[in-house]
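> One-letter residues, chain by chain:
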Amino acid sequence: MCPLIPNGIISSGWDFVIAIILGMAFGFILEASGFSSARNIVGVFYGYNFVVLRVFFTALIVAMVGLLYFDYFGWLDLSKIFILPTYLTPMIIGGVVMGVGFIMGGFCPGTSFTAVAIGKIDGIVFTIGLYFGIFIFSEAFPLFGDFYTSGDLGNVTITDATGIPASWVAMGFTVVALAAFWGTMFVEKRVRKNMTEYKF
Amino acid sequence: MDRNYIYLTILMLVLAIGTLLVNNEPKLKQIEPQQLLLEMVQPTRYVTTDQIAKMIIHGDPSLELVDVRSADEFEQFALPRSVNIPLDSLINSSSLGYFGIPGTKVVFVSNDDIAADQAWVLTKRLGFKGTYVMRGGLNCWMETIINPQEPSEGSPNTAYETYAFRKGAQQYFTGAKAEVAEGSKVKVEVQRRKKTSAVAGGC
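As they're listed, the protein sequences go chains A and B.
Read in order, the letters of the first sequence are residues 5 to 204 in the working numbering.
Read in order, the letters of the second sequence are residues 4 to 206 in the working numbering.
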């Protein structure tokens, strides 16, 4: 049955309606997980709070395993799902830039909006900077446009690239994620023991 | 330590191991049975031998003749410009690349039209567009193009026109063969369908 739009069950005009509903739900979950606090978010870099890792890894493994079951039950045709094209080097560089911004600003783009939504001043400043950055990036795009689209691997998945079946990839990811949950819990405990200035 | 975490961890692990047991091999894409039936009951898939002869003579680049007989039979006699894909190797991934190229008409040819029809049904099930069957197959080709019968007296004018065309085609395919042979050794370049990409969209 799914995906609904490629299968023509609903028209593509619903794109934006669905996007708004999903965006609101996403923002709500981010705020409910405590992601509107820069301290919670950057805690992952200092080792005192791994909520970011836990929330995103949980979302990832639940969605991943869920999609495989949906495909098996015939509710969703996985071959019709859009896969973002992979540009290897630009994506690595982009990830590093994003990570640096993350630890410096204390937010990622989505969480900065949840911070704005509850009226946090650091979130507002971050969002202004975000739009300024978007402006600079767009204006300077011709300078690095070639690099931006270099190393195009196409719409590949790990299964396409390595031949490992999707269920094994999902299984591996789940094990890694669960191990990370328990491992980070112990890291958190040890780091928090030596911290006095930050109350949890 | 919250006991719920332990339960959730075990649940997630069990679900993940469960994915290994379910068969998630990519399924062959097929069209709906009703759709297939609708196409099967219509005779629009048939092309006559006259049409094929005309297309070959005119050098129609959109025509792609696919001979589904065995390689031995293909060796003995085959239509010019035809490609041999025996029926048993029709749904190899290498063979499937011949079908569904936009702007080409794939016409299946066999001795009669039964094997060609089977090939047509298979490709239709797989969702390929633009596949046809040469009506009557090569037997009909022999009767109409290679050895046309003169229409009896009192036949309508169109029968004589068809006969005249078939006589000309007979010349082209048989009588003039010796002269054409040199020139007809043009290498046929077979187009391959590009690998279709996923549906566009995104976040």
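Simulated from the structure, these hints should not be mistaken for laboratory data.
All values reported here derive from a predicted model rather than from experimental measurement.
Hints are supplied without guarantee of correctness; some may be wrong.
As the list claims (entries may be wrong) - Okay, the calculated beta carbon distance ranges per label pair:
1) A/Ser154 x B/Gly178: 55 to 65 angstroms
2) B/Lys132 x A/Phe74: 27 to 37 angstroms
3) B/Gln54 x A/Phe86: 56 to 66 angstroms
4) B/Leu23 x A/Ser154: 30 to 40 angstroms
5) B/Asn7 x A/Phe30: 20 to 30 angstroms
6) B/Tyr10 x A/Arg196: 32 to 42 angstroms
7) B/Glu35 x A/Val195: 53 to 63 angstroms
8) A/Ser83 x B/Leu23: 35 to 45 angstroms
9) A/Phe151 x B/Asn95: 38 to 48 angstroms
10) A/Gly149 x B/Tyr175: 48 to 58 angstroms
Unchecked claim - Here are a few chain B residues that face chain A, going by a calculated C-beta distance under 8 angstroms:
11) Leu14
12) Val17
13) Ile20
14) Ile34
15) Pro36
Ideal placement from N, C-alpha and C gives every residue a C-beta, glycine not left out.
> Take the hints in turn and mark each one as holding or not.
Right, here's what the structure says about each hint:
1. A/Ser154 x B/Gly178: 55 to 65 angstroms: Holds, since A/Ser154 and B/Gly178 (Cβ atoms, about 60 angstroms apart) stay within the stated range.
2. B/Lys132 x A/Phe74: 27 to 37 angstroms: holds, 29 angstroms
3. B/Gln54 x A/Phe86: 56 to 66 angstroms: Taking Cβ atoms as reference, B/Gln54 and A/Phe86 lie about 41 angstroms apart, which means the hint is violated.
4. B/Leu23 x A/Ser154: 30 to 40 angstroms: Roughly 37 angstroms apart at Cβ, these two residues keep to the hinted range, so it holds.
5. B/Asn7 x A/Phe30: 20 to 30 angstroms: Since the Cβ atoms of B/Asn7 and A/Phe30 sit about 24 angstroms apart, the hinted range of 20 to 30 angstroms holds.
6. B/Tyr10 x A/Arg196: 32 to 42 angstroms: Because 24 angstroms falls outside the window, the suggested range is violated.
7. B/Glu35 x A/Val195: 53 to 63 angstroms: holds, 58 angstroms
8. A/Ser83 x B/Leu23: 35 to 45 angstroms: violated, 20 angstroms
9. A/Phe151 x B/Asn95: 38 to 48 angstroms: At roughly 40 angstroms between Cβ atoms, B/Asn95 and A/Phe151 fall inside 38 to 48 angstroms, so the hint holds.
10. A/Gly149 x B/Tyr175: 48 to 58 angstroms: Between A/Gly149 and B/Tyr175, where Cβ atoms are some 55 angstroms apart, the hint holds.
11. Leu14: Hint violated; B/Leu14 Cβ to chain A Cβ min 10 angstroms, cut 8 angstroms.
12. Val17: Violated, about 10 angstroms.
13. Ile20: holds, 7 angstroms
14. Ile34: violated, 13 angstroms
15. Pro36: violated, 15 angstroms
Hints 3, 6, 8, 11, 12, 14, 15, counting from the list given before, are not met by this structure.
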